[in-house]
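Given the coordinates of chain G, work out where chains W, D and E with the ligands should sit on it, guided by the hints.
This is what each chain is made of:
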Amino acid sequence: MIKKELMTVINQLRIAKNIFQLTVEGELVKEMSEPGQFVHLKVTEGSAPLLRRPISISEIDKEKNQFTMIYRAEGAGTQLLSAKKPGDNVDVLGPLGNGFPTEQLKAGQTALLVGGGIGVPPLLELSKRLVEKGVIVKHVIGFETLDVVFLEHELKRLGKTYVTTVDGTYGSKGFVTDLITNYELEFDTTFACGPTPMLRALETLYSHKPMYLSLEERMGCGIGACFACVCHTQADPDGTSYKKVCSDGPVFLAGEVVI
Amino acid sequence: MIKKELMTVINQLRIAKNIFQLTVEGELVKEMSEPGQFVHLKVTEGSAPLLRRPISISEIDKEKNQFTMIYRAEGAGTQLLSAKKPGDNVDVLGPLGNGFPTEQLKAGQTALLVGGGIGVPPLLELSKRLVEKGVIVKHVIGFETLDVVFLEHELKRLGKTYVTTVDGTYGSKGFVTDLITNYELEFDTTFACGPTPMLRALETLYSHKPMYLSLEERMGCGIGACFACVCHTQADPDGTSYKKVCSDGPVFLAGEVVI
Amino acid sequence: MLNVQLPGLSLKNPIMPASGCFGFGKEYANIYDVSQLGAIMIKATTSEPRFGNATPRVAETEAGMLNAIGLQNPGLEKVIENELTWLEQFDVPIIANVAGSQIEDYVEVTKEISKSPNVHAIELNISCPNVKTGGIAFGTVPEIAAQLTRAVKNVSEVPVYVKLSPNVTNIVEIAKAIEQAGADGLTMINTLLGMRLNLKTGKPILSNKTGGLSGPAIKPVAIRMIYEVSQSVNIPIIGMGGIQTVDDVIEFMYAGASAVAVGTANFVNPFICPELIDALPERLKELGFDHVSEIVGRSWKYDRKTAHYCP
Amino acid sequence: MLNVQLPGLSLKNPIMPASGCFGFGKEYANIYDVSQLGAIMIKATTSEPRFGNATPRVAETEAGMLNAIGLQNPGLEKVIENELTWLEQFDVPIIANVAGSQIEDYVEVTKEISKSPNVHAIELNISCPNVKTGGIAFGTVPEIAAQLTRAVKNVSEVPVYVKLSPNVTNIVEIAKAIEQAGADGLTMINTLLGMRLNLKTGKPILSNKTGGLSGPAIKPVAIRMIYEVSQSVNIPIIGMGGIQTVDDVIEFMYAGASAVAVGTANFVNPFICPELIDALPERLKELGFDHVSEIVGRSWKYDRKTAHYCP
Ligand SMILES: Cc1cc2nc3c(=O)[nH]c(=O)nc-3n(C[C@H](O)[C@H](O)[C@H](O)COP(=O)(O)OP(=O)(O)OC[C@H]3O[C@@H](n4cnc5c(N)ncnc54)[C@H](O)[C@@H]3O)c2cc1C
Ligand SMILES: Cc1cc2nc3c(=O)[nH]c(=O)nc-3n(C[C@H](O)[C@H](O)[C@H](O)COP(=O)(O)OP(=O)(O)OC[C@H]3O[C@@H](n4cnc5c(N)ncnc54)[C@H](O)[C@@H]3O)c2cc1C
Ligand SMILES: Cc1cc2nc3c(=O)[nH]c(=O)nc-3n(C[C@H](O)[C@H](O)[C@H](O)COP(=O)(O)O)c2cc1C
Ligand SMILES: Cc1cc2nc3c(=O)[nH]c(=O)nc-3n(C[C@H](O)[C@H](O)[C@H](O)COP(=O)(O)O)c2cc1C
Ligand code: FES
Ligand code: FES
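Residue numbers (the numbering used here), protein chains in the order written: chain G, 1 to 259; chain W, 1 to 259; chain D, 1 to 311; chain E, 1 to 311.
One thing to keep in mind: the hints can contain errors.
Pairs of lysine-lysine, DSS-like flavour, derived with a Cα cap of 27 Å [what the hints assert, rightly or not]:
id, chain 1, residue 1, chain 2, residue 2
1, W, Lys106, W, Lys128
2, W, Lys30, W, Lys4
3, E, Lys285, D, Lys203
4, W, Lys85, G, Lys85
5, D, Lys285, W, Lys17
6, G, Lys243, D, Lys26
7, W, Lys243, E, Lys209
8, G, Lys133, G, Lys64
9, W, Lys62, W, Lys133
10, G, Lys84, G, Lys133
11, G, Lys4, G, Lys30
12, G, Lys243, G, Lys4
13, D, Lys200, G, Lys173
14, G, Lys156, G, Lys209
15, E, Lys153, E, Lys200
16, D, Lys111, D, Lys176
17, G, Lys84, G, Lys30
18, G, Lys84, W, Lys85
19, E, Lys200, W, Lys17
20, E, Lys78, W, Lys243
21, G, Lys17, G, Lys84
22, D, Lys203, E, Lys176
23, E, Lys200, W, Lys173
24, D, Lys301, E, Lys209
25, E, Lys26, W, Lys4
26, D, Lys26, G, Lys4
Here are the simulated distance ranges between beta carbons [claimed, not checked]:
id, chain 1, residue 1, chain 2, residue 2, range
27, D, Gln5, G, Asp61, 48 to 54 Å
28, D, Ile31, E, Ser232, 43 to 49 Å
29, D, Gly75, E, Thr245, 42 to 48 Å
30, D, Ile31, E, Gln147, 53 to 59 Å
Treat the hints as calculated values from the structure; they're not laboratory data. Backbone N, C-alpha and C fix where the C-beta goes; we use that ideal spot for every residue, glycine too.
Here chain G stands alone, though its shape is the one from the complex (with noise of 0.2 Å):
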């Protein structure tokens, strides 16, 4: 069930440049269920910045109701975000969208986590889930340098963990589909989330195996109203059938919609 909540911050923490770790407490977090879910943050009471952003669901603590977001504080309203002190509010609407679902998935069988820049955070919750339930992870992650790179030691304890950056000054040099084709990485299942480029460049390399994309799109409402963030379907790629990125999404099957 979607729900609107003055959510309450516990901790807020800069780990890596422009990129904020968010924590808050509410309610709401009863509602989330699957990893890859995000919510809509309105970030000031007034009109400036008018309209809500996504951003995704990094981790769920169900018994703290607690759950965290990492975000790229860039434009007006993440910016805004990030001022934010524990005790303060912020107003969430939420959980959103389908996440990626892992019941196909069985104990002992190998997924593979690709993430790209500020599209990593979703999957920390999902490796979290997959591991709880014995599936072995591998994670790639890619990033524009090294002064943004995060998340790498969480992700490691997790699961065997690789870093590419752009530019070479962290990890191996390149894109993730570099690193994954070098080292002939093996899998069952990918799960991604990134750059549109980075999730066009897995599905033409390894959509032969199960894969599940995470988009993005510039979303009016979130909840699937307005049709703000449509893409078509491969099944009929210049008709007039669709799926929304907010309500039908964020995750879609490869093969299911034109990325």
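Frame of chain G, contents of chains W, D and E with the ligands only:
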């Protein structure tokens, strides 16, 4: 010299229903001279709300580089202002306008200071200055009702102070002009700040003696450039001559402008 | 104290979601009871299904947003079969927003959709600036707007409201032509044409380049136009454009609107419509009114508050 | 990297205060050196002195403000004698904003004011929506706008820029008519007509009832209009409407403006113009440009960044 400075909140107190007393610190205080000047405040960084808010200077502490304002939290801007805590910043433009002239009054003469509602604050600094000079001060301050009475005690320390409320819940019932008439108060010069009907009544009744009135008008720039705040002169009430409340005022000699 | 009677519409209260900002109601029905609403203005329906424009379709601006959805909708047939039928479970009148590229399109859609039992009124979207072919002209030339209105009135089973575009020199002239052509009411305003550029690429953020500006930024324009038009026509107006608070609702009705629609604010707060409905009675009382009808056109109708009346 | 050449104007940089938002410069000259400015657009001048409208003359709106000053100014004679003469001490070109109720007024004022040595261009205010008599019509009817432009061009000693009103159905049509009539440039946009009502009284807050909407709220409309017009005319555009930041300046120039004017933002931050001038070079460099002229019309002119060039 008009400056713009991000000043630091030292203290904010709720002193009556919706009435706040705010003390800020910064270099701009060095520029403040006359009592009755005002500042123009921007309460947020963004454009909600967009415009500055004019607020009178109520007290100046040159030694500490601090000054105090008293305001009613009513609309969007003043409500946001009332949420500021010590250590927060306020964007202050000032000091603006021309205040109450005190030169003509000599020690031993009597000044009548009349304030209505949110027009009372600038009288405090004025009263202090007059008392310093040896002028005898009498204060008549009027409010709507008991809940919103403020500054009575501070003014009492400086001179005789009469309070009226429109509904009679505190002090004498009625308007300030009723009280002045009923008590047959004697004085050499009047200084007044408050709602326009009050100023009009005072002008009609007592302007045979020198009287200075502080006016209010909706403002744009606050510095004399936008022509938002003009009023006609009494010498040419239907013509094109004018005064600007922000830069020629806010204090005018009674008879100078049409109120 | 909130009920409002308009041609074809018996509203529990004057608050409804604006077309395109509420889909066909499903998403909101999941989070609250939409029977509370005065009415629902559904997303524009065209004769054939439309995918709409490429994304990005929305961009934020100061106190507003641009959209260029491009009239995406499943087409007349599916709207009637799936959406309107599904909406019948709720006790709420539907206002069907109708769009097209030529008069025949509007006529065709209106003829069919107005037969749906829960469609109590048609809203002619003659102002949507997002579709490259047609659309824009209907709302900017008085004669064409009138011609379209007449054609649609001829076939509609329910009252017809025409939605005015604000992107015109003289809104009163167009409103009058539409009234003369037999419209039962007006809805106003649709979005202002705007654009935003990407700092890095230099290109428009919207793939459609231009889009429609909505939200609080346009409220003063909406108020001005409703103030002007409501004094010049004798048909009722449903007002919209930047409504966020109960005070905004009252301001629109003071200006001359008989009811209001809430668009962009649904995205900021999906619970906005029921919240406004809840808040309205108390705010009216505070301001000294006993019934919402007392405030309609107050900015120009009355020098003072009118005597109370209960309908 | 900031200098700009326009008809009659050799600008140190493309930033100037907009007419009506800077008076005749005195107040700002008290707080900073106005010689830094690209130019100064002075307050509208009419042949006779005007007091303007009754107060309140301004009202705040979301991300904007309404004004109905009513062209208050001391009249042609005093503007020349007191204001322009006083401004001669600064090394900054003046653009004289000229207003009137009939063509003869504009002609009279232009003829005299264009003789002032520091007036390097005229800006015809054909769009001010605040004066009840005249004003509004000039800017909304292409033929009349053209007629006025021709008449003024005939007598002006300096290039003539015409300031467009956004309150029209087709801004391109008007811009083209004005270009054909011989205008040397365009300035756009003036304010959008708007209104705000007082919740307690129900009446308009402005004593003039309607006013002109300015500030960030109108920026998307300005960008859209400049984008459209700059592709349809061959004369330069000075852009304005909601500029607050250096990114806004760049967005206006991407859209097609050759220089920009800052209005309402002067009230929010009186130091805004020099701050923008200071910040512009670094931001241009960050975005990969060597000269401000490279960005003019980038939204539609170039598919990719053009080769660098230094004038
Ligand atoms: C489902 C989903 C999950 C996301 N999860 C994360 C996350 O976990 N961490 C994170 O840092 N970012 C995430 N993003 C991207 C994030 O939403 C944008 O970075 C953010 O909205 C930008 O806001 P701003 O205030 O910084 O920028 P502004 O430039 O002020 O934004 C202006 C407008 O554009 C929209 N916008 C700008 N960039 C994007 C974008 N990349 N995607 C969607 N809308 C955008 C904003 O929402 C806003 O409406 C996610 C996006 C989606 C769609
Ligand atoms: C010279 C001067 C000195 C003032 N000194 C004080 C003071 O010491 N204490 C105090 O409480 N108030 C004072 N005021 C009034 C104060 O400026 C307004 O109460 C305040 O601007 C309202 O802002 P808001 O955010 O509460 O209201 P909103 O309704 O959000 O304001 C909307 C717009 O209207 C303007 N506005 C609204 N009411 C007034 C008003 N009464 N006068 C001028 N502009 C108004 C605002 O500045 C803003 O631009 C003074 C006004 C002037 C002109
Ligand atoms: C995303 C979006 C989609 C819209 N779609 C339609 C539409 O299909 N038909 C229509 O008549 N108006 C449409 N509108 C206009 C709104 O109904 C409304 O007139 C306008 O947005 C002003 O109201 P607001 O400021 O409250 O949003 C749309 C607006 C938005 C923001
Ligand atoms: C208070 C005020 C007075 C104005 N006076 C004039 C004027 O005299 N002549 C004119 O052409 N434009 C006038 N304008 C319009 C501005 O020059 C400018 O075109 C408009 O405000 C949009 O820019 P902005 O959003 O940066 O303010 C005025 C605007 C304001 C806010
Ligand atoms: S954001 Fe509104 S439908 Fe997806
Ligand atoms: S507020 Fe601008 S001139 Fe007084």
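- Message: To test your reading of the hints: which numbers does this structure violate?
- Response: 10, 15
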